[in-house]
Each structure stands twice: as structure tokens, then as C-alpha cells.
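In order, the protein sequences belong to chains A and B.
Per the working numbering, the first sequence starts with residue 1, numbered consecutively.
Per the working numbering, the second sequence starts with residue 1, numbered consecutively.
Rather than coming from a laboratory, the hints here were simulated on the basis of the structure.
For clarity, every value in this text was computed on a predicted model and none was experimentally measured.
Ideal Cβ placement from N, Cα and C applies to all residues, glycine included.
Don't take every hint at face value.
To be verified - The following label-pair restraints were derived from C-beta to C-beta distances:
(1) B:D64 / A:G269: 49 to 59 angstroms
(2) A:T227 / B:Y86: 40 to 50 angstroms
(3) A:K80 / B:R46: 10 to 20 angstroms
Here is what each chain is made of, one letter per residue.
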Amino acid sequence: MYTQALNTAETDDRGLEDAAKAAQFQARIDAEERIEPNDWMPAAYRKTLTRQISQHAHSEIVGMLPEGNWITRAPTLRRKAALLAKVQDECGHGLYLYAAAETLGSSREELVDAMLAGKAKYSSIFNYPTLTWADIGTIGWLVDGAAIMNQIPLCRCSYGPYARAMIRVCKEESFHQRQGYEIMLTLCRGSDEQKAMAQDALDRWWWPVLMMFGPPDATSQHSDTSTKWKIKRFSNDELRQKFVDATVPQAQYLGLTIPDPGMTQDADGHWRYSEIDWTEFKQVLAGNGPCNRDRMAARRKAHAEGAWVREAAAAYAAKRAQRRTAQAAE
Amino acid sequence: MSTPNTPLWEVFIRSRNGLAHKHVGSLHASDATMALQAARDIYTRRGEGLSIWVVPSSAITASDPAEKGMMFEPAESKIYRHPTFYEVPEEVGHM
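Generate the whole structure from the sequences, applying the supplied hints.
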């Protein structure tokens with residue numbers, strides 16, 4: 001999902017650590033206890049979570065870019081206010097997540113620098129462009145819908161600060177998805193051109209959204225440890241299937257066609273989708289998606305242009321602190 | 001000049017139902033005024049609170065989780081501190 005670049009297995013270095021502590025740790029996980037920042041944890045658990053939570057945070061921040069693209073061009077003031085609130089939420093989600101990641105011992109500055117240096121990933125989905133207003137509807141409906149599907153189980157993740165951040169995020173995501181679906185509904189009830197615009201957006205976003213859930217279970221090496229540690233509760237394919245089953249009736253209600261002619265409903269009612277083009281996914285992750293360079297350039301520019309604000313705030317705080325010390329000495 | 005890392009603050013919010021301030025998360029800000037403003041923007045976008053406290057994270061002294069057995073042992077053995085320890089005949093009714 002927002003952390004789908006975690007395709008490599010962490011090296012298991014528990015052999016170097018106290019075996020008794022590791023066993024006790026696993027027993028706590030098995031007993032559904034939450035692990036808190038100052039508790040003992042295997043180094044690989046800390047490393048996996050730092051990567052996962054920080055990638056999730058980066059995704060929320062980069063995720064503001066494709067939507068921010070439409071704030072000044074929203075069709076009405078009501079839509080504009082809603083989109084602005086949604087983008088502000090995404091920023092808030094990024095901040096909750098950075099705070100959760102920091103409890104594992106890396107500073108936010110380090111985490112952000114890793115992203116700006118291209119060393120840390122963010123979700124592949126944000127490397128696609130938002131060409132029309134219908135893309136904003138589709139992002140809310142499908143991208144946020146897929147995110148909710150992934151994030152609800154994360155509310156029960158074994159790491160306390162991450163689970164608590166996810167509870168806040170999930171509460172807010174629900175507004176995002178409904179907001180997006182309402183845009184789609186309005187377009188689909190509008191003129192032929194508007195409906196065609198909605199269909200075109202669905203055609204372009206459908207497959208990239210399915211890729212958000214990450215590689216198929218058969219090739220995802222990372223899942224085993226994450227499952228054992230109860231960071232991950234469902235496999236990529238399980239979540240993807242749940243999402244497809246929930247989404248197909250919503251598309252039918254809109255009168256839109258899922259761009260998968262091979263899709264069939266099986267005897268159990270599950271919608272079986274066709275083979276996903278994983279070459280495209282790998283290309284986007286490798287930095288060759290339609291907007292990878294744009295997104296990185298925009299983040300670096302914003303960070304560089306904000307440097308004077310950080311410096312001024314720090315200088316002001318230092319000056320005030322110094323004055324307080326001087327006054328106390330008088 | 002390299003900018004130092006922005007300090008971390010813990011945020012506590014009192015909701016409208018008269019409960020105590022409750023820890024909701026943390027944030028970075030260079031001073032207390034900015035921490036309060038950031039807390040409002042990050043943690044109260046939907047009317048979550050009527051009052052905010054921000055506390056420098058470095059000012060918090062926490063108990064050591066590794067010592068929690070010893071720390072909380074005194075309470076574990078004192079079941080007579082709970083109302084259910086005492087027997088009151090049913091005829092007496094709810095007490």
C-alpha cells in the first residue's frame with residue numbers, strides 16, 4: 001500500500017540478541033499486547049517499522065501534490081473548500097505518522113532527508129497525473145478507498161504509536177472517500193461529456209489503484225515476518241480482493257465500466273480481476289512513472305524554499321530563550 | 001549555519017465533555033506559541049477540543065517499562081483495595 005516498496009526481507013539478526021528477550025517479545029505479540037516505544041524490541045522490528053511508517057508518512061505528504069493541483073481549479077467554492085480540507089488532512093496524516101515513526105528513534109529531519117535524497121519511497125500511486133477534475137473524484141473514491149481497506153487492519157498493528165495514528169487517520173479518510181464518490185456521482189448524473197470524463201478517469205486509475213496493495217502474495221517476501229509480528233494482518237491479495245468486491249457494485253451504481261473485460265464474478269460472489277501488469281508497477285517504483293521526477297522536484301523545492309522559515313523560527317526561539325536567561329540572572 | 005532539529009512537544013486536549021486533558025500525540029515546533037498553533041491545526045480540525053496543553057517532550061519523566069513489574073507490584077497484592085473484596089448480603093441491595 002503506502003509502503004509497498006518494502007519488497008526485500010529484513011535480515012533476521014535476532015541471533016545476535018538475547019534469545020530470551022526475543023521469545024518474550026514474540027509472546028507479548030502473540031498475546032495481542034501492544035509494543036510501546038521504550039519496550040525492548042528486535043532490531044529488525046524497529047527497522048521494518050521505521051521504514052514502513054516513514055514511507056507511509058512520505059506518501060501522505062507527496063499525496064498532497066496530485067490533489068493540490070486542482071485546488072485553484074475546483075468547479076465550485078463548495079468543492080474547493082472540501083478539497084482544501086482534504087489536502088490539509090493528508091498533511092495532518094503525514095505529521096501523525098512522522099511522529100509515530102520518530103518514537104522508534106529516528107528524527108523527522110532524518111526521515112524527510114531520506115525521502116528527499118530518493119532513499120526512502122512513497123506510494124507508487126502518487127506518480128500518476130491528475131488530468132481532469134474527475135481524477136479528484138476518482139482519487140477520493142478509489143485511492144482513499146484502497147487506503148482505508150489497508151489502514152483499518154493497521155489500527156490493530158502491534159506497535160502502539162502506529163496503531164493509534166491509524167485510528168485517527170481512518171476516522172478522517174471516510175470523509176475523503178465520500179467526498180470523492182460524490183464528485184463521481186455528480187459527473188455521472190451530468191452531461192454525456194461529464195460522464196465520459198468520469199469513465200476516462202476510472203480507466204486510467206483502476207489498474208494503478210489495484211497495484212497499491214503491493215505485489216502478489218506469491219512474490220512478496222516481506223509479508224512473513226510482518227505477519228508474525230502482527231504488523232500486517234491480511235495479505236496483499238486478500239486486501240486487494242476485498243477492495244475489488246467492495247468497489248464493483250459502487251461502479252455499477254455510477255453506471256461506469258471497470259476497465260477489465262476479463263472480470264468475472266465467481267460462485268462465492270467474488271469479482272475475479274485479470275492479471276495485473278506488474279512490469280508497470282516495477283517501472284513506477286524504480287522512478288520511471290509519469291510523474292516521479294515532478295513529485296520529487298516539487299518536494300525538494302518546497303523543502304528548500306521553506307528553509308528560511310525553519311531558520312527564522314529557530315533563531316527567534318533561541319533569542320527568546322537567551323533573553324529569559326538574562327532576565328532570570330538580573 | 002545549520003538549523004538545529006526542531007524540538008518535539010507532546011499535545012494534550014480537553015474535549016467538550018468535561019474530561020481531563022488527554023494525550024493525543026506529538027508535534028515539532030520551535031517554541032511554545034507555534035506549538036499551540038500547530039496543535040490546533042493538527043489535532044483539532046474537527047472540534048475535538050476546548051483546551052490544549054503543549055509540553056516539551058524532553059520535560060517528561062517516564063517510568064521504565066523494564067521495571068514495570070517492580071514499579072506496580074505494591075498494587076497487585078492488595079485486592080482489599082477493590083470494592084468487590086467485601087461481602088455485602090444481597091438483602092442490603094446495591095451499595
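Comparing the hints with the structure gives:
no.: 1; hint: B:D64 / A:G269: 49 to 59 angstroms; verdict: holds, 52 angstroms
no.: 2; hint: A:T227 / B:Y86: 40 to 50 angstroms; verdict: holds, 47 angstroms
no.: 3; hint: A:K80 / B:R46: 10 to 20 angstroms; verdict: holds, 19 angstroms
In summary, this structure violates none of the numbered hints.
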